[in-house]
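Trainee: So the sequence lines, in the order shown, correspond to chains A and B.
If you're matching positions, the first sequence starts at 1 in the numbering used here and goes up one per residue.
If you're matching positions, the second sequence starts at 1 in the numbering used here and goes up one per residue.
Do not take every clue at face value.
Where chain A lies over chain B, by a calculated footprint (3+ residues, C-beta under 8 Å) [claimed, not checked]:
id, region
1, 70-83
2, 167-175
3, 184-194
4, 207-221
5, 392-400
6, 404-412
What the hints contain is simulated information worked out from the structure, not anything from laboratory work.
All C-beta atoms in this analysis are idealised placements derived from N, C-alpha and C, irrespective of residue type, glycine included.
Chain by chain, the residues:
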Amino acid sequence: MSTEPLNANPKRRPDGAALIIAAVLLVLGIIVAWDASRLGGAAQYARIGPQTVPYAIAICLAGLALWTTLEAFRGDFPERDRQDALPVLWIVAGLLLQLLTIRFIGFSVATGLLFALVARGFGERRFWISIPMGIVLSLLVWVIFARGLSLTLPHGPIEDALTRLIIGPRTA
Amino acid sequence: MNTLDLLIQGLGVAVQPINLLYALIGVTLGTLVGVLPGIGPATTVALLLPVTYRLDPAGSLIMFAGIYYGGMYGGSTTSILLNTPGESASIVTALEGNKMAKAGRGGAALSTAAIGSFVAGLIATIALAFLAPWIVRFALAFGPREYFALMVLAFVTVSAAFGDSALRGLVSLFIGLTLGLVGIDLQTGQARLAFGIPDLLDGIEVTTLAVAMFAIGETLFVAAQGKRAPATVEPVRGSLWMNAADWARSWKPWLRGTVIGFPIGAMPAGGAEIGTFFSYALEKKLSKHKEEFGNGAIEGVAGPEAANNASAAGTLVPLLTLGLPTSATAAIMLAGFQQYGLQPGPLLFTSNPQLVWGLIASLLIANFMLVILNLPLVGLWVKLLTIPKHWLYAGILLFATLGTIGANPSVVELGMLLVFGLMGYALRVFGFPIAPVVVGLILGPMAEQQLRRALAISQGDVTVLVTSPIAATLLSLAALALIIPMILRARGRGKVLGQLAADSD
Numbered sequence: 001m002s003t004e005p006l007n008a009n010p011k012r013r014p015d016g017a018a019l020i021i022a023a024v025l026l027v028l029g030i031i032v033a034w035d036a037s038r039l040g041g042a043a044q045y046a047r048i049g050p051q052t053v054p055y056a057i058a059i060c061l062a063g064l065a066l067w068t069t070l071e072a073f074r075g076d077f078p079e080r081d082r083q084d085a086l087p088v089l090w091i092v093a094g095l096l097l098q099l100l101t102i103r104f105i106g107f108s109v110a111t112g113l114l115f116a117l118v119a120r121g122f123g124e125r126r127f128w129i130s131i132p133m134g135i136v137l138s139l140l141v142w143v144i145f146a147r148g149l150s151l152t153l154p155h156g157p158i159e160d161a162l163t164r165l166i167i168g169p170r171t172a
Numbered sequence: 001m002n003t004l005d006l007l008i009q010g011l012g013v014a015v016q017p018i019n020l021l022y023a024l025i026g027v028t029l030g031t032l033v034g035v036l037p038g039i040g041p042a043t044t045v046a047l048l049l050p051v052t053y054r055l056d057p058a059g060s061l062i063m064f065a066g067i068y069y070g071g072m073y074g075g076s077t078t079s080i081l082l083n084t085p086g087e088s089a090s091i092v093t094a095l096e097g098n099k100m101a102k103a104g105r106g107g108a109a110l111s112t113a114a115i116g117s118f119v120a121g122l123i124a125t126i127a128l129a130f131l132a133p134w135i136v137r138f139a140l141a142f143g144p145r146e147y148f149a150l151m152v153l154a155f156v157t158v159s160a161a162f163g164d165s166a167l168r169g170l171v172s173l174f175i176g177l178t179l180g181l182v183g184i185d186l187q188t189g190q191a192r193l194a195f196g197i198p199d200l201l202d203g204i205e206v207t208t209l210a211v212a213m214f215a216i217g218e219t220l221f222v223a224a225q226g227k228r229a230p231a232t233v234e235p236v237r238g239s240l241w242m243n244a245a246d247w248a249r250s251w252k253p254w255l256r257g258t259v260i261g262f263p264i265g266a267m268p269a270g271g272a273e274i275g276t277f278f279s280y281a282l283e284k285k286l287s288k289h290k291e292e293f294g295n296g297a298i299e300g301v302a303g304p305e306a307a308n309n310a311s312a313a314g315t316l317v318p319l320l321t322l323g324l325p326t327s328a329t330a331a332i333m334l335a336g337f338q339q340y341g342l343q344p345g346p347l348l349f350t351s352n353p354q355l356v357w358g359l360i361a362s363l364l365i366a367n368f369m370l371v372i373l374n375l376p377l378v379g380l381w382v383k384l385l386t387i388p389k390h391w392l393y394a395g396i397l398l399f400a401t402l403g404t405i406g407a408n409p410s411v412v413e414l415g416m417l418l419v420f421g422l423m424g425y426a427l428r429v430f431g432f433p434i435a436p437v438v439v440g441l442i443l444g445p446m447a448e449q450q451l452r453r454a455l456a457i458s459q460g461d462v463t464v465l466v467t468s469p470i471a472a473t474l475l476s477l478a479a480l481a482l483i484i485p486m487i488l489r490a491r492g493r494g495k496v497l498g499q500l501a502a503d504s505d
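Isolated chain B, as found in the complex (with noise of 0.2 Å):
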């Protein structure tokens, strides 16, 4: 069966009255913490996962896929009326799109990125759908050593390549690959690093760490700045519609950023922010209205919107196809195809081709759906925003809390939420990323099996890791991953790369 059979078959999934509901919920959450500073994608898919354990597995996944785009989409409300992001695929788009907005330009601001986003979004959910066959073809003949090159090509970029330290990131990492040791080991049932606490046997949740980090962690340090800086809300002044120059200002910024930021999403590189930085700079560089670089210059809110978008559908490309989640989002998700026994991997693509073209296809769906929720009822997203801050964190923590008391109200649980908090306080103070500390905590496990795997098949000869072409490409990439940038750092050219920081979500 071809693609666009497959593709066809679900859409008829995704189309059920029921799997429609979950899109809906999915994008209009994803929205709404999208547009909501201090609480982004991978913290709401994060909180979820406890509540949506008894529920259907396609649902929640369309439901937590459409928590992922819409969180996309919001993000770009907050960053243009508020000069605030939601969350750090939007900084840049704060960088004009605000400009925009204090010139009265605000509904064309949010037109362009609304609409860029559609256009992204199709062409690159479309490009996933066609692109994850011959991927998963590709790794049918992948076996423990190769996945074993994969995850480490995987840690180094997401957590060393970009961002301003190669040292912070690899730090950051390896609290996290530290944090998955905890627990039994599969192999001989020992436990490590439990200390005796039988809370700590079964391992750390994915999702206690990730709530903490990102919901807590941020709390507190927004707490701690006291009230410095208050932000204003811009009204959303000028016409939705954008004019005859708006569009033909816009859409070949929208298909650039698509280009860009795709690829940037699928291969293992890191989160969606990455690519808006990249999209930024070409549409400045290849703009005949430099000038308004910096006061508000359209071309510059259309591409990075849609390369954000692209590229939350190209992590997709890694998750679906490799189990290889690239992004913290995208590492929670797949903590939320393992809470129903399913192993994303070429493997899925055949057991359960109804979820997985489901998904997809449902991804169409949501996209139709967000640029409604996102154009005509932007002024309700608006409204949100004047949410004064102390109920709107104390309202975070409340369902940051909610999660985890729902999986297991222990002393124990909730007393690491506030450990894992206030860590992700630390971290955040000192120029820590987080990221790195979720893929680190999902991933580092299943690297340890893979290695073991591959070392045992091999008699304990450590040269086999190498001696696979696929394996020793991998490798070779991950070295460069990390020798590169740091070279670049030690010649004063560490601002870009500093700039291109794989922050959170």
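Just chain A, with the same shape it has in the complex (with noise of 0.2 Å):
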């Protein structure tokens, strides 16, 4: 099949990924369009109300849909790199650990399996190695910026602890 002369310049062919950004940029702008669509208040005296700049940025974004599409059909987007989706996955879960446990286990615990994740993701499999170092290195931030400059990140038994031993168990 790989003489077929409809093969043999795979430039012709409609770039595929550029047709999906333009899907998502049309459905985009029917989103921002229904949303505007349900505002009240319509357009006072004034004749440009809430609604007003949402349609004009819905149209764009239909407009630059269809662009992007007239570009896939004409080749004209940039060759792309072949991307490794494995790292990508591994700093995406280390990003997905942190959000769902840090209320649970404190901005040390939860950021250095953070750490240890992306680091995996770029070819460090020594866990033992990287996720002590990432919660050590993360209550060192935490001290800083929760104790020194009084920001407000989230605390677990670790932190606690902490807390306990240097000030003392009653402000814990």
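Two chains, two frames, some hints: make the complex.
Mentor: Structure, rendered in structure tokens:
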């Protein structure tokens, strides 16, 4: 099948990813327009209300979707390098883990795990090094920012223990 | 009171020990992030915004400006020694600078970059001080329609005028504008695009978007490239002292770079990197040593490095006098002003002269600090480049999430950080610029407000937008800035514009 003339010049085929981008832009435009359509307080005497600019943006998004489609068919989109999905998944997993656990296990442990998973994404497999390193680093950051600059960072068992250790049990 | 008196008063504010400390922290952090790849001044200021919420406004803003200047200095070190630009404004520096380092002239390259940055920073900051009051006087006559036209011009120049595709620039801009719609409409109190989520009623935080797009997006992008092209750090060889020939060949490019960089920064024409490309092209044309270009010509380092610092100072002109950000870093600094309830613009010069002039004067001092930080201490910064990539990016994400967690540790906010991070990654993969998204988010709602004000005054008559000569001129400029590059690209001259891509920071 590889000799089939249709496939001879892959540049002639529309760029699939670019078509998806065009579709996303169109959907975004439709959402913006739909959201604007349910806004009340239709334009008063000024003939411009809260929905005017959203409608304008929605129209532009639709126009850009059309333009992207044209470029997809003309093959105007730049060549892309091959992307490794696995490292991206490790890092996304780290961020997900952090956002789900931070309320329960505190800033340091949750962020320490994020640290280790990001390092894993970049090829560092030794979790027995990266996890403790991440937790210690995050705890240091917690002490500087939460204690020193009075930023509100979620605390968990480790932070509480440390606070008790430094200031005494009552303030913990 | 004339500019000189105001500047001297500002120096009085700037030399207060606490402000000197803020400036020192700013320039040190700026140099640090300039040196490190993957994190630039825009990200850093965004990370620090929530942290500095409780600090003194003047001090924080001095620190932010120090970060901006420091980033321009630090970026050159990475470009010269690693051939990987630390931030976008130093891409050109890598062309000649790294060749010089490989030829054992790294010391001279670092020196001409640092001294050139110093000369340019000094001249441009003084130019800022003298130019600002003039623009303020002019801008006091601006009404809503003039501001609206000015913002439209900024939208076009930031997104579509440079870069290799008007389409992709505009798509980025409109993503930013769409995100800017989210939240309560200030005039009618209705929620737009909030989908009943309370966290969205206040709108999307500029800091969350910027950190996600720049720090997380860049980290994902670098990770996805796998182990391609491991970069090697060139040791600093050769004396840091420039010889007589180096001085003779450097001083003119420094001055020319300043003259090119400052207006480009000062006009609403995008980030600091654009001037560096012009400067490089000019030096190559004027040089008596054309054969050295591509093999380590000192002019090719001196000119662009001066240009990027001059642009950074230039960017502060529209930011301070008009409240108009023309780069991602400036957009985030604008968010910094707003965090303290300050609105940059002509009125700030009369309502808060201490702060404005203190900020300008502290930039002069920051320049002196930077030349010291960057020349004798260069060895320290070079060590940073030897941190293994996996620890470096793990640390960057630790700090990237810190700012958001400190501001609002909700699942929704962190979820947005993740979603925008993935979006930043996707935009990078497909060659969409990032800065227009950030500028669109912050400038979009401001432009809408001015438009609605203008039309409320005219009772809905749209022609009012073009009947003021200033507004009409600005809108025509915007149209030209959109159309001319598209014609150039269609005629196959797009390569030059592609190199001028306003990529980040």
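Trainee: All hints are to be evaluated individually against the structure, with a verdict given for each.
Mentor: So, going through the hints one by one against the coordinates:
no.	hint	verdict
1	70-83	violated (count 0)
2	167-175	holds (count 5)
3	184-194	holds (count 6)
4	207-221	holds (count 3)
5	392-400	holds (count 6)
6	404-412	holds (count 4)
Of the numbered hints listed earlier, the single one contradicted by the structure is hint 1.
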